[in-house]
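Engineer: Note that the protein sequences, when read in sequence, are chains A and B. Going by my numbering, the first sequence opens with residue 321, and the numbers climb by one from there. Going by my numbering, the second sequence opens with residue 321, and the numbers climb by one from there.
No incorrect hints appear here.
Remember, identical chains collapse to one label, so a pair may be satisfied in a single copy or spanning two.
Result set (BS3-like, lysine-lysine): computed pairs, CA atoms no more than 27 Å apart in a straight line:
#, residue 1, residue 2
1, Lys566, Lys627
2, Lys569, Lys367
3, Lys367, Lys566
4, Lys569, Lys627
5, Lys636, Lys569
Hints were generated in silico from the structure; no laboratory data involved.
Listed below are the residues making up each chain.
There are 2 protein chains.
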Amino acid sequence: MTYDAHSRPPKKTIGELLFIERIRTRASASFSSAVRLGIGDDCAILKPIPGHELLVTTDFSLEGRHFRRDWHSAASAGHRTIARGLSDLAAMGAKPLAAFLSLALPRSAARNTRWLDGFLDGLLSLANTHSVPLAGGDTSESPSDQILADIVLIGSAPAGRALRRSTARAGDLLYCTGSLGGAAAELAALAASPRRFRSADSSGDHPHLFPQPRLAAGAALLRRRLASSCIDLSDGLSTDLTHICKESKVAAEIDAVALPIHPLAQLLGPDHALHAALHGGEDYELLFTARPTAKLPRALGGVRITKIGRILTARKPRPQITLIDRQGHRSALAPHGWEYFT
Amino acid sequence: MTYDAHSRPPKKTIGELLFIERIRTRASASFSSAVRLGIGDDCAILKPIPGHELLVTTDFSLEGRHFRRDWHSAASAGHRTIARGLSDLAAMGAKPLAAFLSLALPRSAARNTRWLDGFLDGLLSLANTHSVPLAGGDTSESPSDQILADIVLIGSAPAGRALRRSTARAGDLLYCTGSLGGAAAELAALAASPRRFRSADSSGDHPHLFPQPRLAAGAALLRRRLASSCIDLSDGLSTDLTHICKESKVAAEIDAVALPIHPLAQLLGPDHALHAALHGGEDYELLFTARPTAKLPRALGGVRITKIGRILTARKPRPQITLIDRQGHRSALAPHGWEYFT
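Okay, chain A solo, but in the shape it has when bound (with noise of 0.2 Å):
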């Protein structure tokens, strides 16, 4: 592809200049006092807040893996791609100060500006919602026949502050934001018919195809130092509970009978409903835990709060996380985040 007959260094194409051009067209539209320099030059210039700390996360999104063209509109591949980033910044408490994206088009979606328009439209409008400038990035000819995207968001928070998933201790209480188990209970329905979903866009409660990251419930846990550790749910209750355990070296218990079921799961039944609010993923809600003394309003950010368990000291043989059925019997509950090969 690039290294051609004549071995030359990668170059360019008019392909990728027009779609450069065209993400710096739609992305000049947004402005940022925080953007001294947007794209154009070798670098974006961005101007920090005085006393605050800088927080950086990068997320893949690559065809294949975190979206089916035959699955996802082009708005909604483009929403996904920066709510993976956004949510790392409210899990930490953090404003979004920019976002970067490098994107490769196979050769053939470079050519038709359809769906890359699509994709900078779902992409640009959940960043105008949440105020954040589109500053740069890379844009390549992908090498395979998938788009490849990777954004990087920067956010700002007072230094010292940003929460963190290695700070919860025993005895704190802890809590998650929204529902859970929608993602994964769109996600199948999806699966099963992708037709159905062609008209979805941003307005609806699409858990997995328009997820809402939690940057203003972040924010107040955040100024009103109601959390003392936090984390989001990309990979799934069970594994980010575990992230939160194990940085904090502490142990911990779920009341399955308190989790708040996103009604999309629950359309599924009682036990493939709690199966996906605990093991799901990508609800990009926020987990959080708080001293028992902490006055945790009913909402936050316009999402509802709700107490789903609590923090033990780590001590053996106490499991992790012990899970405690709707029958009040406590069993050991391993993180199902993660796939062995097959």
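Dock chain B against chain A, hints included.
Structural biologist: Relative to chain A, chain B alone:
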């Protein structure tokens, strides 16, 4: 691959977890006071330098487009991946603070850690040379047989002082660091006989396989206020000078006889050598302008400085770039850094 028969959302595989752990272990060896929190939470935390601005650049390194496993050793691929980003920082005179690596490996390469170790050797060796910690990133299984990398570099420069490509003025003189055409010449030799380069490493002069980003020269240009504009030579002199001319709204003139031709390019004979120097690309030297009254030293940051032309007023029918050949004849020079779809 991801959306399997059970249509579960993408989860980290055990292969991925091993390779994340491997990156984390290798990266933790690098330490920097700028990184408050590295790999292991939702975001990395960076401490900005008071009075400084942040510079951000992202660059893809995609197998089949930016490197080939049958031509480039894993160490060369890793070196080149981070060299591209470091060179972008050098072009703006910035000091690198941290790097972030997004890396997707095909299943076979994730299992066999030899390639990954070689890649990290190459990447971290150049990072360590310039005291840049690897502070985070993302990992995924590649949806194809290709290795996919995206590197983010974050740098720092005193507020308002970063070198730009848009600030050249008519009357300025045009300079470059080091020598030109070496990367294109070595790439041609590599394509002809990849085996000859099997044992190449970063200790030798390998302008294509192990390019050296000119961070010390860029920092000196900024610190000593020598440059009126700057860019790195990634696309090739004709194309990168066009970027300066367009963004600065000026024209330029190059003296062919003054161009510092790399010894590897000289072996190609005068015509091909000139072509490699003008259009080759990937030399990762700096191209900069300075006021005619500026006193430029012979070398900056350990690398030679050569005057190669001058900046003119943009005025029809003057071409954007004029080449003055050995006989003193003037001709218009078109940018050759872009390829058309064939």
